[in-house]
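For the protein sequence lines, the chains are R and F, in the order given.
Counted from 1, the first sequence has number 58 at position 58 by the numbering used here; the numbering is strictly sequential.
Counted from 1, the second sequence has number 132 at position 132 by the numbering used here; the numbering is strictly sequential.
Just so you know, these hints were derived from the structure itself, not from any lab.
Honestly, I wouldn't trust all of these hints.
Chain copies aren't distinguished; within one or between two, either way the pair holds.
Result set (SDA-like, lysine to any residue): computed pairs, CA atoms no more than 20 Å apart in a straight line [what the hints assert, rightly or not]:
| no. | residue 1 | residue 2 |
| --- | --- | --- |
| 1 | Lys-241 | Leu-79 |
| 2 | Lys-241 | Ser-78 |
| 3 | Lys-83 | Leu-13 |
| 4 | Lys-178 | Gly-108 |
| 5 | Lys-241 | Gly-81 |
| 6 | Lys-83 | Glu-292 |
| 7 | Lys-30 | Val-300 |
2 protein chains.
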Amino acid sequence: MFNVKILGCGSALPTSHHLPSAQVVEVRGKLLLLDCGEGVQLQLRHQHLNLMRIGHVFITHAHGDHCFGLPGLISTFSLLGRKTPLHVFAPATLQPFFDCIIDSFCVGMQYEVTFTPVDPERCEVVCETSSFRVSSLPLRHRVPCCGYLIEEQPSLPHIRPEMIAEYDIPHWAINNIKAGADWTAANGEVISHERLTRPAEPPCRYAYCTDTMPNPDLPAWIEGVDLLYHEATYAEADASKATLVGHSTATQAAEIARAAYVRRLLIGHFSARYDDETPLLHEAQAIFPATELADEGLEVTLRV
Amino acid sequence: MFNVKILGCGSALPTSHHLPSAQVVEVRGKLLLLDCGEGVQLQLRHQHLNLMRIGHVFITHAHGDHCFGLPGLISTFSLLGRKTPLHVFAPATLQPFFDCIIDSFCVGMQYEVTFTPVDPERCEVVCETSSFRVSSLPLRHRVPCCGYLIEEQPSLPHIRPEMIAEYDIPHWAINNIKAGADWTAANGEVISHERLTRPAEPPCRYAYCTDTMPNPDLPAWIEGVDLLYHEATYAEADASKATLVGHSTATQAAEIARAAYVRRLLIGHFSARYDDETPLLHEAQAIFPATELADEGLEVTLRV
Numbered sequence: 001m002f003n004v005k006i007l008g009c010g011s012a013l014p015t016s017h018h019l020p021s022a023q024v025v026e027v028r029g030k031l032l033l034l035d036c037g038e039g040v041q042l043q044l045r046h047q048h049l050n051l052m053r054i055g056h057v058f059i060t061h062a063h064g065d066h067c068f069g070l071p072g073l074i075s076t077f078s079l080l081g082r083k084t085p086l087h088v089f090a091p092a093t094l095q096p097f098f099d100c101i102i103d104s105f106c107v108g109m110q111y112e113v114t115f116t117p118v119d120p121e122r123c124e125v126v127c128e129t130s131s132f133r134v135s136s137l138p139l140r141h142r143v144p145c146c147g148y149l150i151e152e153q154p155s156l157p158h159i160r161p162e163m164i165a166e167y168d169i170p171h172w173a174i175n176n177i178k179a180g181a182d183w184t185a186a187n188g189e190v191i192s193h194e195r196l197t198r199p200a201e202p203p204c205r206y207a208y209c210t211d212t213m214p215n216p217d218l219p220a221w222i223e224g225v226d227l228l229y230h231e232a233t234y235a236e237a238d239a240s241k242a243t244l245v246g247h248s249t250a251t252q253a254a255e256i257a258r259a260a261y262v263r264r265l266l267i268g269h270f271s272a273r274y275d276d277e278t279p280l281l282h283e284a285q286a287i288f289p290a291t292e293l294a295d296e297g298l299e300v301t302l303r304v
Numbered sequence: 001m002f003n004v005k006i007l008g009c010g011s012a013l014p015t016s017h018h019l020p021s022a023q024v025v026e027v028r029g030k031l032l033l034l035d036c037g038e039g040v041q042l043q044l045r046h047q048h049l050n051l052m053r054i055g056h057v058f059i060t061h062a063h064g065d066h067c068f069g070l071p072g073l074i075s076t077f078s079l080l081g082r083k084t085p086l087h088v089f090a091p092a093t094l095q096p097f098f099d100c101i102i103d104s105f106c107v108g109m110q111y112e113v114t115f116t117p118v119d120p121e122r123c124e125v126v127c128e129t130s131s132f133r134v135s136s137l138p139l140r141h142r143v144p145c146c147g148y149l150i151e152e153q154p155s156l157p158h159i160r161p162e163m164i165a166e167y168d169i170p171h172w173a174i175n176n177i178k179a180g181a182d183w184t185a186a187n188g189e190v191i192s193h194e195r196l197t198r199p200a201e202p203p204c205r206y207a208y209c210t211d212t213m214p215n216p217d218l219p220a221w222i223e224g225v226d227l228l229y230h231e232a233t234y235a236e237a238d239a240s241k242a243t244l245v246g247h248s249t250a251t252q253a254a255e256i257a258r259a260a261y262v263r264r265l266l267i268g269h270f271s272a273r274y275d276d277e278t279p280l281l282h283e284a285q286a287i288f289p290a291t292e293l294a295d296e297g298l299e300v301t302l303r304v
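Next up, chain R with everything else stripped away, as it sits in the complex (with noise of 0.2 Å):
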């Protein structure tokens, strides 16, 4: 199971139809939480998400559409009795707003939060456990901003059920061999692993990148990712205005997911000033056909 769900994909202005930032990716089972825009919380609700199997936040700026919702989620938590500690990631500059929700708001609280900085200018893993690996991807914004990059871990190799039959492998051998051992059959002929087995699915793949101007050095990092969410907050024809704020255009983005090789596009973060995305879509699919809308509920699967 590889999942995003869109909570939240309008820019630092509310309007009626758009929140500010946030998404939830679901990773075997693993709730990581990227950004976390005011009314977060009363929005993972409306999605009939568990927020308490949120166990990583990832924060990619001290924007304040992009971290709002912090203080509220934090504080929900310890309301509903978790003991189970929350890790939030961010660039330091989040740190005195994290330091002082902790300070001022959660004395006596019964869970632990954590806070990692994150260095936005260097593409590295900040955080891996046995299902994922996020790593940080430099962005061009007005203050340190990074995206993130989320891949499952490497899934262990398929056994070939006509393999088991023909030597007559057991049961209990059958994760021996996933792991990479070969397999001795009765009459002493040693099966290799390679020939037991079908290499697993690759990894699932996504990358998230908000807010920034069009960065060069992005394709690299991230390519031939499953999924990439790239910030469009204004269409071309708005260009000049999306450089001096440190923001990019659809045409932009579509332009990134091209020269990355990507496979799919999700433009988002869209400015107060269009009613109406549609011609942002537009815009970005006559440059990058597999170009969709982000919109608040929308939900893509990677892998079921």
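Guided by the hints, dock chain F onto chain R, whose structure is given.
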């Protein structure tokens, strides 16, 4: 015009049917925000209220469900190009959070935001303009907490139209008479301003009291108010829980209303444990019949 609009009347744990605490009071065209729970800026939009008309924010205490909407509101005002100052009043325990918002997210902001600490131990005027006067009301909660009494400033008396005709009073003299000047008629007769006018309606008074255990001192401070909002987090059956966490039951709220001879009572700050607050309403009405349940979007007009 004196109008109270409920934006949120749930308690700390968010639910699908209630938002955290926030209300807007409109007095003579000015908007006052009472408490500022997460998502308040979105609620203001949903309720078609013009954010920019808010000049004053009064926060009862430094619990998240009463103040986590403040960073988003301050930031959005800046994005909207606000130039007029915003005045925030709250117990001093909120100041570190306020300072952190200003330091972390408001660098270069084009409008002024002031913070005035309110002494939650004293009943005193904390803010006065030509339109309204706001006083603090000491409450009894787990942390320093105060309610607010919002009073319209007295209006000038009305001129009696029949007197204008009888004494041939010119238009230019009317405001002087309203303000207390007597009138000397053509024949030299001095007519006292009391004869020429009838008193204005008494000023509207609204008391906002949350979060608190029943405070026996409260009725004396709010006697005869047109409307009392008093928290009723729990039903009387959960009275011991209420006391434990520094809250009131619906029965206790009604007892305060009765003791204070208020005109109407609005109960709110409902615990997430109740799917339906009708039993709380009936409980309160048994003691104080003029009780209503708060609800998101409810508007109570005290003067048209």
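Consistency of the hints with the structure:
1. Lys-241 x Leu-79: between (43 Å within a copy, 15 Å between copies)
2. Lys-241 x Ser-78: between (42 Å within a copy, 18 Å between copies)
3. Lys-83 x Leu-13: between (35 Å within a copy, 17 Å between copies)
4. Lys-178 x Gly-108: neither (46 Å within a copy, 59 Å between copies)
5. Lys-241 x Gly-81: The answer is between: 17 Å across copies meets 20 Å, while 46 Å in one copy does not.
6. Lys-83 x Glu-292: neither (38 Å within a copy, 38 Å between copies)
7. Lys-30 x Val-300: Cα proximity of Lys-30 and Val-300: one copy only (16 Å, versus 46 Å across).
When the structure is compared with the earlier hints, violations turn up for hints 4 and 6 and for no others.
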